[in-house]
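Visitor: Chain by chain, the residues run as shown.
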Amino acid sequence: MVTGIQPLAPAAFRDAILGGSARLAALFGDGSKLLAVLADGHAGTIAVLATEVGREYPALTPELPAAHWFEREIFEQTGIVPRGHPWLKPVRKRADATGFYRIEGEEIHEVAVGPVHAGIIEPGHFRFQCHGEDVFHLEIALGYQHRGVERALVGGPNKRTIHYMETLAGDTTIGHTTAYCEVVESLAGVAVPARAQALRGIALELERLANHTGDLGALAGDVGYLPTMSYCGRIRGDFLNMTALLCGSRFGRGLVRPGGVAFDLDAARAAELDRRVEQGLRDVTVAADLLWNTSSVRARFEGTGTLTAQACLDLGLVGPAARACGVERDVRHEFPSGIYRFFQVPVSTWHTGDVFARAFVRWLEIQRSVAFIRDQLKSLPAGKTRVEMKPLAPNAAAVALVEGWRGEICHVALTDAQGRFARYKVVDPSFHNWFGLALALRGQQISDFPLCNKSFNLSYCGHDL
Amino acid sequence: MLKATLARLQQGHRTVSFPKGTPTLPDRFRGMPVVDRSKCLDGCRECMEACPTDAITTDRLDLGRCLFCAECVAACPQGAIGLTQDYRLAANRREDLVLPEFKLARALDEKARKLFGRSLKLRQVSAGGCNACEADVNVLTTVVFDLGRFGIQFVASPRHADGLLITGPVTENMKLALEKTYAAVPAPKLVIAVGACAISGGPYIDHPEQHDGASSVVPVDLFVPGCPPHPLTILDGLLRLLERV
Chain D
5 MVTGIQPLAP AAFRDAILGG SARLAALFGD GSKLLAVLAD GHAGTIAVLA
55 TEVGREYPAL TPELPAAHWF EREIFEQTGI VPRGHPWLKP VRKRADATGF
105 YRIEGEEIHE VAVGPVHAGI IEPGHFRFQC HGEDVFHLEI ALGYQHRGVE
155 RALVGGPNKR TIHYMETLAG DTTIGHTTAY CEVVESLAGV AVPARAQALR
205 GIALELERLA NHTGDLGALA GDVGYLPTMS YCGRIRGDFL NMTALLCGSR
255 FGRGLVRPGG VAFDLDAARA AELDRRVEQG LRDVTVAADL LWNTSSVRAR
305 FEGTGTLTAQ ACLDLGLVGP AARACGVERD VRHEFPSGIY RFFQVPVSTW
355 HTGDVFARAF VRWLEIQRSV AFIRDQLKSL PAGKTRVEMK PLAPNAAAVA
405 LVEGWRGEIC HVALTDAQGR FARYKVVDPS FHNWFGLALA LRGQQISDFP
455 LCNKSFNLSY CGHDL
Chain L
75 MLKATLARLQ QGHRTVSFPK GTPTLPDRFR GMPVVDRSKC LDGCRECMEA
125 CPTDAITTDR LDLGRCLFCA ECVAACPQGA IGLTQDYRLA ANRREDLVLP
175 EFKLARALDE KARKLFGRSL KLRQVSAGGC NACEADVNVL TTVVFDLGRF
225 GIQFVASPRH ADGLLITGPV TENMKLALEK TYAAVPAPKL VIAVGACAIS
275 GGPYIDHPEQ HDGASSVVPV DLFVPGCPPH PLTILDGLLR LLERV
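As you go down the protein sequences, you meet chains D and L in turn.
If you read the first sequence in the numbering used here, its first letter stands for residue 5, the second for the next number, and so on.
If you read the second sequence in the numbering used here, its first letter stands for residue 75, the second for the next number, and so on.
Since the hints were derived computationally from the structure, they do not count as laboratory data.
For the chain D half of the interface with chain L, some residues (derived, Cβ under 7 Å), not all of them:
hint, residue
1, V120
2, I124
3, E126
4, P127
5, G147
6, K163
7, H167
8, Y168
9, D175
10, S234
11, G237
12, L294
Below, a list of computed lysine-lysine pairs in the DSSO-like style, where the Cα atoms sit at most 30 Å apart:
hint, chain 1, residue 1, chain 2, residue 2
13, L, K113, D, K163
14, D, K97, L, K249
15, D, K37, D, K394
16, D, K93, L, K249
C-beta atoms are modelled at their ideal positions from N, C-alpha and C, and glycine is treated no differently.
Isolated chain D (complex conformation) (with noise of 0.2 Å):
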């Protein structure tokens, strides 16, 4: 938490953002100001910077292309005018409502995909240039899940904010709920009990188990391989029981609360979770170790959605996507709190940047949640589950990051004289990753994209909020 953030010159503002090796984890703006979270993964630290702006500003796009998506959003959300931004329109509005870059030429051609879908997935929509097979640009329009979250948040919290926070990316529910809690905690100056924390930890890492199982059966399946997708879809259930064992609910909902978690572990639960789990990466092994060593699967992985190191560093990409590019970018390592403290995750990474990458460090990464959560049954803290919240401290601000399954999910909250929420920003993990996608899919073919769409797999909700 910190009070009273003093506001710099615009120019230092910019010189501060565009400096120094920090990464934007959040660009927003409120009123006639900005604000920005800075995060340096090396140091460890977490920066808040503000500016007043007026209307308009240079844009940092140019520079920065990691800002891209911020700026628009500044754009759309406050009508500050960032100056120069090369592709300046609402990153939230429906589609057909703005127009899309295009390719002009005799054989180009262009492609509408969405917002409906042909799976059971949510609604967004994709433009693509393409001449024949080849896809020269493809552009992601977005907003179609907007239902007005953080609008909403401003004045809060009150009853129903935690549903918000368990509802912005439905899949997400524990770490959306997980910020949300530190954010408020760190404002009530309240400290959450260490049984609590392991157990947020583990429903974390459960959280992160059933999707990534659940992507590895989806990119099976999307390359025509049948056996892993009809395990993983099963075996993705099984771990969605495992929170469900904690609490009822196999998103964890009612779970992670303010001050700690409303469900505790009994010494029973805990063997029967710990026997699941252990029979779960069992499972999921058998069903991983057939991609690796199909040679079919692997033909359609390996080089296809390829994004270098570098491409990933400029767009500021975050969690799996990232570590795919061999970049070691994980908020569990780089900013732990909670249990994350106490416990270090290794850092999953591969060099590759394909599709073969994401599905490789979703593998490595079901390994290493097996091996936390099985740790954390071996020692659970004992004590209290929760404690009782306090007030928000008034004209204070506080930030959260937390590493959830699709990578960092930061939190910010702003609060008035009262202590409620003048300014709430979400930034969900999507909201970094979706260019990459657009990035990836250059010089692909366009056949190619349910795959390198499914390698990603983004959330449309979290960033439409």
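Using the hints, position chain L against chain D.
Guide: Same frame as chain D, now just chain L:
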């Protein structure tokens, strides 16, 4: 090939016995609420004030708004509210979702059953869903629930579908796409609304960015409450519609 065969043996048979056998649910599962109004203290409003979606009034509990979060259970000084293990929650009409009158879903009429009873193809539309309802609809297609054995299948095109399965509160930005998808389904058609959002708007009730659920846009034949509903709750609702349970 040998590896794949051995893997197949290792994974075993995993399909649940439902609807023949009794399904196993986690012991902390939060299903159908029960309210004993006789225990209520005069003028007490604790449950109503705790409820994030105003699902509870002095004499009603609306499953269409309920998030099954149990805040009311925690708030009640008298222990008058409980959430049971009963996963059967689906209803045909919006008003049937309101306790104490709740009416479990009934089968379609004979003519509709003749059309859809042995082959029901659905197109899923997420209109602001958070991907939890979507995920637990998707899981019905895995070997665990094996939806195909009931003749129910999700298809890619609305033109191949007999109906829509809608999740999410229907955001303003998805309204047009939902209307177009509905129009593209050949009549006669069914609509199934899954989850608190698709029934009432859920946590997003009254937000101007959305439309408080699917029935604001299309007529709905089956409502499946929950946030998200358990896969068994969804499956139970579908099978009731087809008179398979």
